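2 protein chains.
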Amino acid sequence: METIVTKSLKFDSQGLIPAIVQDAETDQVLMLAYMNAESLRLTLSTRETYFWSRSRNELWHKGATSGNFQRVAEVIADCDTDTLLIRVYPTGPACHTGNQTCFYRHVETLA
Amino acid sequence: METIVTKSLKFDSQGLIPAIVQDAETDQVLMLAYMNAESLRLTLSTRETYFWSRSRNELWHKGATSGNFQRVAEVIADCDTDTLLIRVYPTGPACHTGNQTCFYRHVETLA
Numbered sequence: 000m001e002t003i004v005t006k007s008l009k010f011d012s013q014g015l016i017p018a019i020v021q022d023a024e025t026d027q028v029l030m031l032a033y034m035n036a037e038s039l040r041l042t043l044s045t046r047e048t049y050f051w052s053r054s055r056n057e058l059w060h061k062g063a064t065s066g067n068f069q070r071v072a073e074v075i076a077d078c079d080t081d082t083l084l085i086r087v088y089p090t091g092p093a094c095h096t097g098n099q100t101c102f103y104r105h106v107e108t109l110a
Numbered sequence: 000m001e002t003i004v005t006k007s008l009k010f011d012s013q014g015l016i017p018a019i020v021q022d023a024e025t026d027q028v029l030m031l032a033y034m035n036a037e038s039l040r041l042t043l044s045t046r047e048t049y050f051w052s053r054s055r056n057e058l059w060h061k062g063a064t065s066g067n068f069q070r071v072a073e074v075i076a077d078c079d080t081d082t083l084l085i086r087v088y089p090t091g092p093a094c095h096t097g098n099q100t101c102f103y104r105h106v107e108t109l110a
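The listed protein sequences correspond, in order, to chains A and B.
In terms of numbering that gives the first Met the number 0, the first sequence has 11 at position 12, counting the first letter as 1, and numbering is strictly consecutive.
In terms of numbering that gives the first Met the number 0, the second sequence has 79 at position 80, counting the first letter as 1, and numbering is strictly consecutive.
Please keep in mind that the hints were generated in silico from the structure rather than gathered at the bench.
If you're wondering where the values come from, they're calculated on a predicted model, not measured in any experiment.
Quick reminder that beta carbons are idealized off the backbone N, C-alpha and C, glycines included.
Hints are not guaranteed to be accurate.
Lysine to aspartate or glutamate pairs mimicking EDC-like chemistry, simulated, CA-CA at most 16 Å apart [stated by the list, open to error]:
(1) Lys9/A - Glu107/B
(2) Lys9/B - Glu107/A
(3) Lys6/A - Asp11/B
(4) Lys6/B - Glu107/A
Restraint-style ranges between C-beta atoms, simulated for each label pair [to be verified]:
(5) Met0/B - Arg40/A: 24 to 30 Å
(6) Glu1/B - Asn56/A: 25 to 31 Å
(7) Thr45/B - Asp79/A: 22 to 28 Å
(8) Arg70/B - Asp26/A: 15 to 21 Å
(9) Ala63/A - Thr96/B: 25 to 31 Å
(10) Arg53/B - Arg40/A: 23 to 29 Å
(11) Phe10/A - His105/B: 16 to 22 Å
Please work from the sequences and hints to get the whole structure.
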């Protein structure tokens, strides 16, 4: 696999990059969150996920409140270098609802 | 699994919602793209993926140029109803580089 350095990544006009979080063992997609440069730096150096909370407008260490941390297996960028895929070993559910994954609602159109 | 109707989804200020595309057979994460209401409607009705291209500013039927379509297995929303997970059966590589997935670059910090 190719490698890329963090300074080559493209953050958007708000300084954020979307990060897909995937379970490294089950391959289940767990959540989508956003990172700024600081949260990415902390994620790579501590090997636990940090995000930027757009609703609370603050740095967010995943698991700091819930105890459900995500140990980082690998951080992968896409071809456009504007999206990240973070493969993790979670120590508990990703979702604040207690679901293993945040993706648990089938989308349907109204008949 | 719960169900949710499309009109309950939250599109952002530009009328878009991020859509993670995952291979329904291998569980590999293939790409992240964006949908507006029209591309989501087409995706659900035709069972092939349609996106909104932010760079070209136009509706984008995945595979129309490359021949690499994505047949839709299921469309799932997350707990915040502001992100989609599209599980697909791809007929070819997701990436314009010819890679099966757009995620093929390990992110590293400079020493």
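Violating hint indices (sorted, rising): As far as the earlier hints go, 3, 5, 9 are violated by this structure, in ascending order.
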